[in-house]
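Enquirer: These protein sequences, in sequence, are chains A and B. Its first residue numbered 1, the first sequence is counted upward by one per residue in my numbering. Its first residue numbered 1, the second sequence is counted upward by one per residue in my numbering.
These are computed hints drawn from the structure, not numbers from a lab. Warning: the hint list may mix true and false statements.
[Said to hold, decoys possible] Derived DEER-like restraints, expressed as beta-carbon distance ranges: (1) V94(B) - Q420(A): 47 to 57 Å; (2) N7(B) - K290(A): 26 to 36 Å; (3) E297(A) - F88(B): 50 to 60 Å.
Yeah, the Cβ is synthetic: ideal placement off N, Cα and C, and Gly gets one too.
If you want the building blocks of each chain, they are given just below.
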Amino acid sequence: MLNQLTISELAAKFAKREVSAREATQACLDQIACVDGKIHAFLSFNAAAALAQADAVDQLISQGGSGANRPLLGIPIAIKDVLAVKNQPLNCASKILGNYISPYDATAIEKLKAAGAIVFGRLNMDEFAMGSSTENSAFGLTCNPWDITRIPGGSSGGSAAAVAADECIASLGTDTGGSIRQPAALCGCVGLKPTYGRISRYGLVAFASSLDQIGPFTKDVRDSATLLGVMSGVDRRDSTSVPEPVPNYVAALDGNIRGLKLGLPKEYMVGGLDPEIKASVDAAVKQYEKLGAEIVEISLPHTDYAVAVYYIIATAEASANLARFDGIRYGARVEGNDPIELYSKTRGAGFGAEVKRRIILGTYVLSSGYYDAYYLRAQKVRTLIRNDFLKAFETVDAIVTPTTPTAAFKAGEKSGDPLQMYLSDIFTISCNLAGICGVSLPCGFTQNPKLPIGLQLLGKPFGEETMLKLAHAYEQSTAWHKEKPSLKF
Amino acid sequence: MASAEINVKYVAHLARLALTPEEETKLAAQLGNILGYIEKLRELDVTGVEPTAHAVPMVNCTRADEVRESLSHEEALRNAPRQANGLFIVPKIVE
């Protein structure tokens, strides 16, 4: 089935004229019709518009056009509902955006389109990317394709579920504290968070501006390398995008990892780590040794403080970023007698519980009298966390950890206790604070029920080449990434 | 920063966020819990540590002061909740 293929497999079929872009797109739409009633990865999609894009690709190919320099030609890619796609709805899974239609493309989307991708669909998420289970969407739950009583992770739960259930070939998500890697781990796909500044954030609705990055969900590491290459680069519309050269990430995937040093942080293998996850990660580390990598025990001593730092910095930035949703220029509005009343009522009616919680916390830690005690102190501890990583990277090429402490949990299990939910991000959050890159890839399954387990690799700032080379070598020496959920509901 | 208790009503006013009394009560309890957890940052000595606002240290990224293409008037107003004569309509601000 075409919808089950990877980007590289589908591109090879297009090149040989074995299948058309229309057939590939239709296969994804058929799969959505078949399974999305249960999974609910998509908030909306426009089938006619997707097929029209596919027809345009087929016409181009029939006229002798080629996929040269267009590595995504005819590839259906679905998008998290936080990225602007021109003339498509954008809601951030929130009621407050009303009937918003994007007037422009995000830079990452522009680049996908230029590379030939068929950009379609809006994927469910936690409202404004705040959450770890997609239960905070204003538009209903997304279910984990491996067990529909469980959550797909979050905040990019729809992006992970759609790829795992083969409803698209790849998808985009965003990662502020693990929102790509954690759902990728829980749904059994590859999820990549690039280094801060690698991909332009223009057209990404900001949650925490110093932490947010866009990244791909794919069925294998090669596809993540392809998408990273397409989307990376400096952008004059995002002054925090970094003018580092963009290497050929796919060319780096040569399988030769002999002599590379992998750090194993002792702080990550303790506490509430599920024994089955620990066993899978231990086995993956052994596999790396077999492949010729050298394993080095390292220490990241400030790991235990990352969640606390994150929930100060991320909420502080969010409280400022979300001030723009005031009912004046776009989105839903609740009228008031004066502007203040209009703002308050609009925001009270438009935001969900988790977003309100974070706005209050963020406003509080920035407020007069508390700024130094909370926000400034958190920024200083952030420095210590970043220094931990920079020091570790003096001796190792990448770091290997579990992506999550447990496999996918049941819907409702943690939604009543925000702090427990926050602690489920314990292994992914430091990466964003330090501004480095990270990737999660399948490394096994729990036994009963069968749920995916994710292995996390963390790389140096702009060290995606080496990190992906390591991820690819492991992936190709195992068969975990080829396993599919039964989707029999 | 001792035994953190947020005056939710006051902070909600700062954030321009209307909350029901039930929301206020619930938030006060939950945020007290979260702030209790955050207290652990006090264990660390941060004397002399520079704060990190941003992982990639870049300063003063300016551009030339030139006219560039941007959203048209029409596009900018397209999502307005209320508009008239090419303007956003807001409640009366000055009597």
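Enquirer: If a hint holds in the structure, say so; if it doesn't, say that too.
Expert: Cross-check of the supplied hints:
1. V94(B) - Q420(A): 47 to 57 Å: With Cβ atoms ~49 Å apart, the hint holds.
2. N7(B) - K290(A): 26 to 36 Å: At 58 Å between Cβs, range violated.
3. E297(A) - F88(B): 50 to 60 Å: 59 Å, holds
The structure fails to meet hint 2 from the earlier list, while all remaining hints are met.
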